[in-house]
Amino acid sequence: MDSSPLEPENKNTTEEKCYLRSKIEMLELIFDSIYNGVMVTDSDGYVTHFNTPYGRFLGVDPKKQIGKHCTEVIENTRMHIVAKTGKEEINQSHSIKGQNMVVQRIPIKRDGKVIAVFGQVMFKDVRDVGKLAKKLSLLESKVELYEQELISLRATRYTFDSIAGTSEIIKLLKKEALKAAATNLPVLITGESGTGKELFAQAIHNASPRRLNPFVRINCAAIPRELMESELFGYDRGAFTGATYKGKPGKFELAHRGTLFLDEIGDLPLEMQPKLLRVLEEKEVERVGGTSLIRVDFRLIAASNQNLEAMMTDGRFRKDLFYRLNVISLNIKPLRERPDDIIPLSHHILRQLAVDYSLPTIEIDSKAQEILTKYDWPGNCREFCNVLERSVSSLEGNVIRPGDLPFQLYAGQAHSKTVNSLPLKDIHGNAEKEAILAALSNTRNNKAEAARLLGIHRTLLYKKLKKYNVNY
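For what it's worth, our numbering labels the leading residue of the sequence shown as 1, then goes sequentially.
Hints were generated in silico from the structure; no laboratory data involved.
Check the hints yourself; a few may be wrong.
[Unchecked claim] 30 angstroms max Cα-Cα, derived DSS-like pairs, lysine-lysine:
| # | residue 1 | residue 2 |
| --- | --- | --- |
| 1 | 109 | 84 |
| 2 | 367 | 447 |
| 3 | 433 | 463 |
| 4 | 84 | 97 |
| 5 | 433 | 464 |
| 6 | 433 | 367 |
| 7 | 447 | 467 |
| 8 | 174 | 17 |
| 9 | 97 | 87 |
| 10 | 175 | 283 |
| 11 | 84 | 17 |
| 12 | 87 | 113 |
| 13 | 374 | 171 |
| 14 | 319 | 275 |
| 15 | 367 | 463 |
| 16 | 68 | 87 |
| 17 | 142 | 179 |
| 18 | 374 | 319 |
| 19 | 142 | 97 |
| 20 | 174 | 283 |
| 21 | 109 | 68 |
| 22 | 175 | 319 |
| 23 | 64 | 109 |
| 24 | 283 | 142 |
| 25 | 319 | 174 |
| 26 | 333 | 374 |
| 27 | 97 | 68 |
| 28 | 142 | 275 |
| 29 | 63 | 87 |
| 30 | 333 | 171 |
| 31 | 275 | 367 |
| 32 | 64 | 23 |
| 33 | 319 | 333 |
| 34 | 433 | 467 |
| 35 | 17 | 64 |
| 36 | 333 | 179 |
| 37 | 175 | 333 |
Let the sequences and hints guide you as you build the complete structure.
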């Protein structure tokens with residue numbers, strides 16, 4: 001019969017003895033090097049193996065435990081029971097020396113009969129498992145956040161170079177924001193919708209020492225009232241129906257060592273405001289359903305398009321929270337109050353659009369610039385970007401002219417100057433003529449398209465052209 005490599009042919013030789021001794025020493029070394037506590041018993045529950053880490057943890061001599069019954073060595077042990085039942089017990093909780101342990105009890109069988117039981121303490125304390133689970137949950141949430149940031153890379157990489165404008169208002173504002181970036185103090189950014197509050201928030205973050213850490217954004221107006229607390233503070237396992245089995249960190253935890261941006265802070269529910277105030281003052285959060293406090297290190301930037309001072313008077317916003325948020329205040333003026341920024345801003349946006357769409361350099365002629373400057377821009381920078389994007393999308397050539405701009409921007413500008421000095425009949429006629437001229441310009445003198453734009457039949461358009469002596 002062929003010999004096995006583990007069983008040398010001559011069992012009486014010195015070579016065989018050295019081989020076996022070396023193998024046993026290696027197995028004992030491996031057994032004692034296992035980080036977890038390990039014990040092996042025979043089929044009657046008597047200890048046959050006991051590793052050094054387990055003895056060190058229990059404060060006993062491992063060698064002196066050999067031959068003892070497992071119940072004499074480990075309190076509340078079930079090793080002898082597993083030996084009788086032959087059923088394994090995996091990841092069971094076991095109290096040893098007042099600590100809840102996670103253990104494994106595995107029967108070892110030969111020919112279907114239990115000959116030994118292998119027992120292992122997987123962790124020093126079951127609380128370590130909870131800590132690892134929380135760390136894993138936090139890391140998974142951060143990975144999701146980083147994935148979202150990569151998807152919207154352009155939107156989350158704003159710096160002060162991204163803020164275009166040459167007016168004194170914008171220069172002073174950027175200077176104050178740059179000073180704020182050097183501190184960890186809370187910042188409150190106010191201004192109408194679309195003025196670029198998040199742009200400034202991201203610029204402050206990216207100019208601060210926290211720029212390598214997360215910028216976490218939450219819109220207080222977009223989160224349902226009943227979910228606000230769990231979104232901000234997170235929740236522990238089983239905190240409420242539908243909660244994930246491992247819990248979830250809140251935005252404060254995700255913003256650790258970074259910046260938390262609370263947009264539309266004026267829409268934060270009144271009952272949540274004292275909880276936010278406590279976190280700002282203590283820098284500690286407690287998850288929904290949790291029992292322990294979590295230290296967090298974050299920088300808060302809040303923004304609102306509402307008058308928070310008026311809301312305080314009405315009792316809709318807490319005074320103590322307002323004063324805690326309003327340490328550094330930045331008020332962004334609407335676009336209509338800084339017309340000097342409109343042309344520089346248009347050049348900045350068009351350069352970016354040309355890069356995004358692989359287009360040649362796009363220019364704006366003087367008449368179109370005049371129309372852009374005179375318009376009130378109720379939607380501020382957001383509306384301004386939208387108008388330029390629409391104009392570029394249908395542009396023929398690389399120069400934006402009045403006809404390339406949306407009709408509503410200039411339809412009423414020409415006749416608005418004479419409204420106070422003309423009879424109603426003349427005002428109506430002038431308005432109608434200007435609307436027709438604007439429609440023709442917008443459609444490059446295409447009568448059918450102009451009539452459709454005006455909502456009238458082409459025959460009526462020709463009559464109007466004749467009436468107002470418009471050359472066509």
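Each hint tested on the structure:
Distance check on the hinted pair: residue 109 and residue 84 sit about 12 angstroms apart at the alpha-carbon level, within 30 angstroms; holds. Distance hint between residue 367 and residue 447 is fulfilled; the C-alpha atoms sit about 23 angstroms from each other, no more than 30 angstroms. The straight-line distance between the Cα atoms of residue 433 and residue 463 is roughly 12 angstroms, inside the 30 angstroms bound, and the hint therefore holds. Simply put, residue 84 and residue 97 have alpha-carbon atoms about 25 angstroms apart, close enough for the 30 angstroms limit, and the pair holds.
About 8 angstroms separates the Cα atoms of residue 433 and residue 464, which keeps this hinted pair within 30 angstroms; it holds. This hinted pair checks out: residue 433 and residue 367 have alpha carbons roughly 19 angstroms apart, not beyond 30 angstroms. This hinted pair checks out: residue 447 and residue 467 have alpha carbons roughly 16 angstroms apart, not beyond 30 angstroms. Distance restraint check for residue 174 and residue 17: the Cα-Cα separation of roughly 82 angstroms exceeds the 30 angstroms cut-off, and the hinted pair is therefore not satisfied.
Taken as a hint, the residue 97 and residue 87 pair is honoured in the structure, with Cα atoms around 25 angstroms apart against an allowance of 30 angstroms. Restraint check: the Cα-Cα separation between residue 175 and residue 283 comes to about 28 angstroms, which is no more than 30 angstroms; the hinted pair holds. At most 30 angstroms may separate the alpha-carbon atoms for a hinted pair to count; residue 84 and residue 17 exceed this at roughly 36 angstroms. Between residue 87 and residue 113, the direct Cα distance comes to roughly 12 angstroms. Compliance with the 30 angstroms bound is thereby established for this hinted pair.
Between residue 374 and residue 171 the CA atoms are separated by roughly 22 angstroms; this keeps the pair inside 30 angstroms, and the hint holds. This hinted pair checks out: residue 319 and residue 275 have alpha carbons roughly 14 angstroms apart, not beyond 30 angstroms. For the suggested pair residue 367 and residue 463, the alpha carbons sit about 28 angstroms apart, so the restraint of at most 30 angstroms is met. Between residue 68 and residue 87 the CA atoms are separated by roughly 23 angstroms; this keeps the pair inside 30 angstroms, and the hint holds.
In summary, the hint linking residue 142 to residue 179 is supported, as the alpha carbons are separated by about 29 angstroms, within the 30 angstroms threshold. Distance restraint check for residue 374 and residue 319: the Cα-Cα separation of roughly 39 angstroms exceeds the 30 angstroms cut-off, and the hinted pair is therefore not satisfied. About 37 angstroms separates the Cα atoms of residue 142 and residue 97, which puts this hinted pair outside 30 angstroms; it is violated. Using a Cα cut-off of 30 angstroms, the hinted pair residue 174 and residue 283 holds, with the two alpha carbons roughly 28 angstroms apart.
Restraint check for residue 109 and residue 68: satisfied, since their Cα atoms lie roughly 21 angstroms apart, inside the 30 angstroms limit. Restraint check for residue 175 and residue 319: satisfied, since their Cα atoms lie roughly 28 angstroms apart, inside the 30 angstroms limit. Between residue 64 and residue 109, the direct Cα distance comes to roughly 26 angstroms. Compliance with the 30 angstroms bound is thereby established for this hinted pair. For the hint linking residue 283 to residue 142, the alpha-carbon distance of about 20 angstroms falls within 30 angstroms, and the restraint holds.
Between the alpha carbons of residue 319 and residue 174 the distance comes to roughly 27 angstroms, so the proposed pair stays at or under 30 angstroms and holds. About 16 angstroms separates the Cα atoms of residue 333 and residue 374, which keeps this hinted pair within 30 angstroms; it holds. At roughly 19 angstroms between alpha-carbon atoms, residue 97 and residue 68 fall within 30 angstroms of each other, so this suggested pair holds. At most 30 angstroms may separate the alpha-carbon atoms for a hinted pair to count; residue 142 and residue 275 meet this at roughly 23 angstroms.
The suggested pairing of residue 63 with residue 87 holds, with an alpha-carbon distance near 28 angstroms, which does not exceed 30 angstroms. A hinted pair counts as satisfied when its Cα atoms are at most 30 angstroms apart, and residue 333 with residue 171 qualifies at roughly 12 angstroms. Proximity of residue 275 to residue 367 is assessed by CA-CA distance (about 54 angstroms); at most 30 angstroms being required, the pair is judged violated. Our distance criterion of 30 angstroms between C-alpha atoms is met by residue 64 and residue 23, whose separation comes to about 23 angstroms.
Between residue 319 and residue 333 the alpha-carbon distance is near 24 angstroms, which keeps this suggested pair within the 30 angstroms criterion. A C-alpha spacing of about 9 angstroms is found between residue 433 and residue 467, which places the hinted pair at or below 30 angstroms, so the restraint holds. Of the supplied pair hints, the one linking residue 17 and residue 64 holds, its CA atoms being roughly 26 angstroms apart against a limit of 30 angstroms. For the hint linking residue 333 to residue 179, the alpha-carbon distance of about 19 angstroms falls within 30 angstroms, and the restraint holds.
Our distance criterion of 30 angstroms between C-alpha atoms is met by residue 175 and residue 333, whose separation comes to about 15 angstroms.
Of the numbered hints listed earlier, those contradicted by the structure are 8, 11, 18, 19 and 31.
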